[in-house]
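Residues 1 to 98 (our numbering) make up the sequence shown, in order.
Source of the hints: derived by calculation from the structure; they are not laboratory data.
Predicted model, so just to flag it, every value in this text is computed and none were measured.
Each hint should be verified, as a subset may be incorrect.
Claimed, not checked - For lysine to any residue, the following SDA-like pairs were computed, each having C-alpha atoms within a straight-line distance of at most 25 Å:
| hint | residue 1 | residue 2 |
| --- | --- | --- |
| 1 | Lys4 | Gly16 |
| 2 | Lys14 | Ala33 |
| 3 | Lys14 | Gly41 |
| 4 | Lys79 | Gly41 |
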Amino acid sequence: MVIKTVQDVVSLLKSGPQGKIPVVQDAGTTTLAPVLSRVSGVVCLSGGLGAHLAIVTREFGIPGLMGAEIRYNGELNGKKAKIIALGGSKGELHILEE
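Work out the full structure: start from the sequences and follow the hints.
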């Protein structure tokens with residue numbers, strides 16, 4: 001699920017954020033704040049290690065990929081995924097087999 005608006009966060013809250021890894025375009029935390037402590041990870045299409053979202057996800061112990069170079073068009077909605085850390089500043093998003 002791509003989080004762009006507050007309404008997207010409301011939809012995520014209604015569907016249950018537990019175990020989900022939302023994709024966000026902005027590295028700010030304001031929009032994600034209501035669900036951040038409940039998601040399994042965050043993929044952000046912008047930002048880097050110093051982005052506010054990166055700092056907060058580290059503080060919460062939530063896996064996060066910042067500045068992810070993916071083209072997201074929704075085909076991954078509902079798929080099981082896992083963020084794999086590769087050292088301190090790199091990571092990969094793995095789509096798990098059903």
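Hint check results:
| no. | hint | result |
| --- | --- | --- |
| 1 | Lys4 x Gly16 | holds (17 Å) |
| 2 | Lys14 x Ala33 | holds (15 Å) |
| 3 | Lys14 x Gly41 | holds (18 Å) |
| 4 | Lys79 x Gly41 | holds (14 Å) |
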